[in-house]
Amino acid sequence: MKGPLFYSKILLFGEYGIIKDSKGLSIPYNFFKGALKSGKDLSGQALKSNESLKAFAGYLQQLQDQEEGLVSFDLQALEEDIANGMYFDSSIPQGYGIGSSGALVAAIYDKYAKDKITVLENLTRDKLLKLKEIFGKMESFFHGKSSGLDPLNSYLSLPILINSKDNIESTSIPSQNTNGKGAVFLLDSGITGETAPMVQIFMEKMKQEGFRNMVKNQFVKHTDACVEDFLNGNIKSLFGNLKQLSHVVFDHFKPMIPSKFHQLWKQGIETNDYYLKLCGSGGGGYILGFTQDLEKAKKALKDYNLEVVYNF
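To convert, note that position 39 of the sequence shown is 39 in full-length UniProt numbering; the numbers rise steadily by one, no gaps.
Among the hints, a few may not be true.
[As the list claims (entries may be wrong)] In silico DSS-like pairs for lysine-lysine, Cα to Cα no more than 30 Å straight-line:
hint, residue 1, residue 2
1, LYS165, LYS181
2, LYS266, LYS20
3, LYS165, LYS207
4, LYS299, LYS236
5, LYS266, LYS236
6, LYS2, LYS165
7, LYS116, LYS130
8, LYS260, LYS221
9, LYS302, LYS254
10, LYS236, LYS165
11, LYS20, LYS127
12, LYS111, LYS145
13, LYS181, LYS266
14, LYS111, LYS37
15, LYS181, LYS302
16, LYS33, LYS127
17, LYS137, LYS165
18, LYS48, LYS2
19, LYS114, LYS127
20, LYS127, LYS181
21, LYS181, LYS114
22, LYS145, LYS40
23, LYS127, LYS137
24, LYS205, LYS20
[To be verified] Cβ pair distances, simulated, as ranges:
hint, residue 1, residue 2, range
25, SER259, MET214, 17 to 23 Å
26, ASN122, LYS207, 39 to 45 Å
27, THR118, ASP251, 43 to 49 Å
28, ASP293, ILE191, 24 to 30 Å
In short, the hints are calculated from the structure, not lab data.
Quick reminder that beta carbons are idealized off the backbone N, C-alpha and C, glycines included.
Based on the provided sequences and hints, a complete structural model is requested.
Okay, structure coming up:
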């Protein structure tokens, strides 16, 4: 048994902001992927995954009982498959902000949900919101409260535009210019990040009026502008807004930036060779970078491995 592939995702814009109704833009990232597989005599990661699936199946049973009418699964088939050695074989690094649990949730829904909403249907806003709700509840098993966006992205394999909490749509992004000098890239921090503690820090800070005002008047404002600019291919304006956004994050989200990157972050803003921003909740994992001149950025970040995600 080998299931279809589900890909990682990158939230280009909207980390933390979407908790407070900023816009967001999430795109599938096909470099990393996962699929359900089955094997005998499991060991290592496969065994760990199989055990985690057992606990997940128990959680889905509860979810089905508590949220009547939301979603129902063929739990008997799921439990039989788990007993026969099913696991999630994935190259998506965990704790890197690119949706490792999201891909697993999408794979389980795809295979075991009854009356599932599929990509082939006319995806109305209501259907997207329903999917997002189901996925949010399913993914909560892995890290507390989930928006459901990661699994949604992985399941549909389409870019998703978040206009607000209850207004999302699939969208298209400008096609890549493979000969372009500009790029969006990932920078590996070499540290695993944990989502829950980072979100906790953010929620604590949100209790302060000054921080709330900054989020609303600066962070959300620049995030929304970046989403608009990116979708409209307005590169010059995009980089102006990115610089502002990178600055706001550096000034107000320090705990989410691994300390060894503080200097690099600042250097990007000062030289304009590249701008860095959080990828997911931060604290480790990947950092997202934007540059108008990839060669320049590579020179400036020569000690790091850059993974190009998108060229323009």
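Q | Satisfaction of hint between LYS2 and LYS48, Cα-Cα up to 30 Å | A | Given that 30 Å is the threshold and the Cα spacing comes to 18 Å, the pair holds.
Satisfaction of hint between LYS137 and LYS127, Cα-Cα up to 30 Å = holds, 15 Å
**Prompt:** For the pair supplied as a hint, LYS114 and LYS127, is the alpha-carbon distance within the 30 Å limit?
**Reply:** holds, 15 Å
Quick one, are LYS266 and LYS20 close enough, alpha carbons at most 30 Å?
holds, 26 Å
#### Entry: Agreement of LYS205 and LYS20 with the hint, judged by alpha carbon distance not exceeding 30 Å
holds, 13 Å
- Message: For LYS165 and LYS207, compute the direct alpha-carbon distance and say whether it is at most 30 Å.
- Response: It holds: about 20 Å lies between the C-alpha atoms, which stays within 30 Å.
*Hint consistency between LYS181 and LYS114 [alpha-carbon to alpha-carbon, up to 30 Å]*: violated, 47 Å
query = Do the alpha carbons of LYS20 and LYS127 lie within 30 Å of each other, as the hint requires?
reply = holds, 22 Å
message: For a C-alpha distance cap of 30 Å, please report whether LYS111 and LYS145 respect it.
response: The given pair, whose Cα atoms are some 23 Å apart, holds under the 30 Å limit.
query = Does LYS116 pair with LYS130 here, judged by a C-alpha cut-off of 30 Å?
reply = Holds: LYS116 and LYS130 sit about 11 Å apart, inside 30 Å.
Assess, step by step, whether the Cα of LYS2 is no farther than 30 Å from the Cα of LYS165, and give holds or violated.
-> violated, 35 Å
Check: CB of ASP293 to CB of ILE191, is that within 24 to 30 Å?
Finding: At roughly 28 Å between Cβ atoms, ILE191 and ASP293 fall inside 24 to 30 Å, so the hint holds.
Hints 1, 6, 20, 21, 22, counting from the list given before, are not met by this structure.
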